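With the hints as your guide, set chain B onto chain A.
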Amino acid sequence: MSDSPVDADEVQHVADLARVDLDDSDADEFAAQFADILDYFEALDEVPEVDSDPELVNVMRADEVEEGLSQDEALRNAPETEDGFFKGPSVS
Amino acid sequence: MSSDHSPKDDHNAFVTNARIEGDDDGPLAGRTIAIKDNMSTDGVRTTCGSAMLDDYVPPYNATVVDRVLNAGATMVGKANMDEFAMGGTTETSAFGATENPAAPGRVPGGSSGGSAAAVAAGEADLALGSDTGGSVRNPAAFCGVVGIKPTYGLVSRYGIVAYANSLEQVGPLANTVEDAALLLDVISGPDPNDATTNDGGADSDYAAAADGDVDGLTVGVITDLIEGADDDVVETFQASLDDLEAQGAEITEVSLDSLEHAVQAYYVIAMSEASSNLARFDGVRYGPDTDAEGNWNEQFAAVREEGFGPEVKRRILLGTYALSAGYHDKYYKKAQDARAWVKQDFDSAFEDVDVLASPTMPVVPPKLGESLDDPLQLYLMDANTVPVNLANLPAISVPAGDVDGLPVGCQLIGPKFGEETIIRAASAVEN
Chain A
1 MSDSPVDADE VQHVADLARV DLDDSDADEF AAQFADILDY FEALDEVPEV DSDPELVNVM
61 RADEVEEGLS QDEALRNAPE TEDGFFKGPS VS
Chain B
1 MSSDHSPKDD HNAFVTNARI EGDDDGPLAG RTIAIKDNMS TDGVRTTCGS AMLDDYVPPY
61 NATVVDRVLN AGATMVGKAN MDEFAMGGTT ETSAFGATEN PAAPGRVPGG SSGGSAAAVA
121 AGEADLALGS DTGGSVRNPA AFCGVVGIKP TYGLVSRYGI VAYANSLEQV GPLANTVEDA
181 ALLLDVISGP DPNDATTNDG GADSDYAAAA DGDVDGLTVG VITDLIEGAD DDVVETFQAS
241 LDDLEAQGAE ITEVSLDSLE HAVQAYYVIA MSEASSNLAR FDGVRYGPDT DAEGNWNEQF
301 AAVREEGFGP EVKRRILLGT YALSAGYHDK YYKKAQDARA WVKQDFDSAF EDVDVLASPT
361 MPVVPPKLGE SLDDPLQLYL MDANTVPVNL ANLPAISVPA GDVDGLPVGC QLIGPKFGEE
421 TIIRAASAVE N
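Protein chains in written order, with full-length UniProt numbering: chain A, 1 to 92; chain B, 1 to 431.
The set of hints was computed from the structure by calculation and includes no laboratory data.
Predicted model only: the values in this text are computed from it and were never measured.
Zero decoy hints are in this set.
Here are the computed distance ranges between Cβ atoms for each label pair:
1. A/83 to B/10: 40 to 50 Å
2. B/196 to A/7: 35 to 45 Å
3. B/251 to A/51: 29 to 39 Å
4. A/74 to B/252: 52 to 62 Å
5. A/43 to B/279: 23 to 33 Å
6. B/367 to A/49: 35 to 45 Å
7. A/43 to B/250: 30 to 40 Å
8. A/66 to B/70: 16 to 26 Å
9. A/88 to B/235: 51 to 61 Å
10. A/52 to B/404: 41 to 51 Å
11. B/252 to A/65: 53 to 63 Å
12. B/403 to A/91: 49 to 59 Å
Positions of the beta carbon are idealized from the N, C-alpha and C atoms, including for glycine.
One chain only, chain A, in its complex shape (with noise of 0.2 Å):
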């Protein structure tokens, strides 16, 4: 085990900013797994400052209207729908 700042107070909070609920048992079993885990990656600290070139370019073309997916085929599988549009929770 590292001394890593992560408690399961600090993995509630990432669950909460990736949006999902965690049981107190969870957070705690994760908390012991990510010290480990990240106990690990610690040693990404050696690595040198690399300079690379990177190989992806950006890749142009005109827009062209083509046929996509019908409003039939794209509510398809949305657990709620209303007049042709998705259905979700409030915001707030």
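Chain B alone, transformed into the frame defined by chain A:
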């Protein structure tokens, strides 16, 4: 399509048994194929091994699915997998573990464990898997079949449920190198729907490269990846090198200092990308219908608690942590440096050798239920496969023999677009 209509096959290799007939003719006519369940199939549910997508039925085909059907293959089922491809044993699937047909009572590897098991059990002639950190090569090695991870961008990812975009590629599994190469011929080539594809495989004839001719080929054994492997595994791997040498290949040793940091870099990058990719699972456009109360954030968090299994939650949380304020430079930026270092190390190694070699997995397949308790130990099992994904390179796993009946794979790594070379070398290993 309901979630409980599928009778289990002997090894639980499939999440859904569904047949889609391919075209009458084409290079794969008459062949059957298993498709990993993270690849969209029009009208056939695609669960990604997760309760989150238990009822999800895609309205379109992934490009690779269109390509294999147009080439004449008939799909016989959606193959089981670790949930969202996160795992190396297929035990994190919400639909139960898959058993290894080549090693009863043991895991088939993962995350494409159902794909490899389907081929090994004879349930399908061919299979498609996806490889983000070894998820094609690992189960190929454990099940005693052939699996290829192509050069990044060789194969379209359009219609694949994303886990870590910068690392993953779709790859073929088959009983022989030639069949795997033929399937790669079918799926490779540019796709306007995936801007990261290139034309490296546009007019390929990979199958023709499976000619076993390794006379004069130089093979560099990566000593760093031998050190952490079990002795029995190394012995079996060594025998396949001797075999290559007897056929005219020259065997040398290579050491790559950066590889010490590959697993750390891989997991930081993969988890970070996963935490962003999996934000889409909010229970609104798809996902379970829960009774959760409260506002958007509260309902979102409740759906995600219910829909995701422990390993997926672990990776989302660790990825969120690694990208959060104050930690980004410490973890994510250093991981990107390590990735660039690994690439440079491979590039210099390929100035001296044609292919690099290592055991695909450092161990034999673990027993079912043996390895899930300690996530870090499972991550370390990926030491030999993740460097290839970090460097965007092609690699193949080919059966090297066995340890007391348990399959061992030999991994051959090529330079960018070196698919023909690794296919040629692998076909000599299987001779």
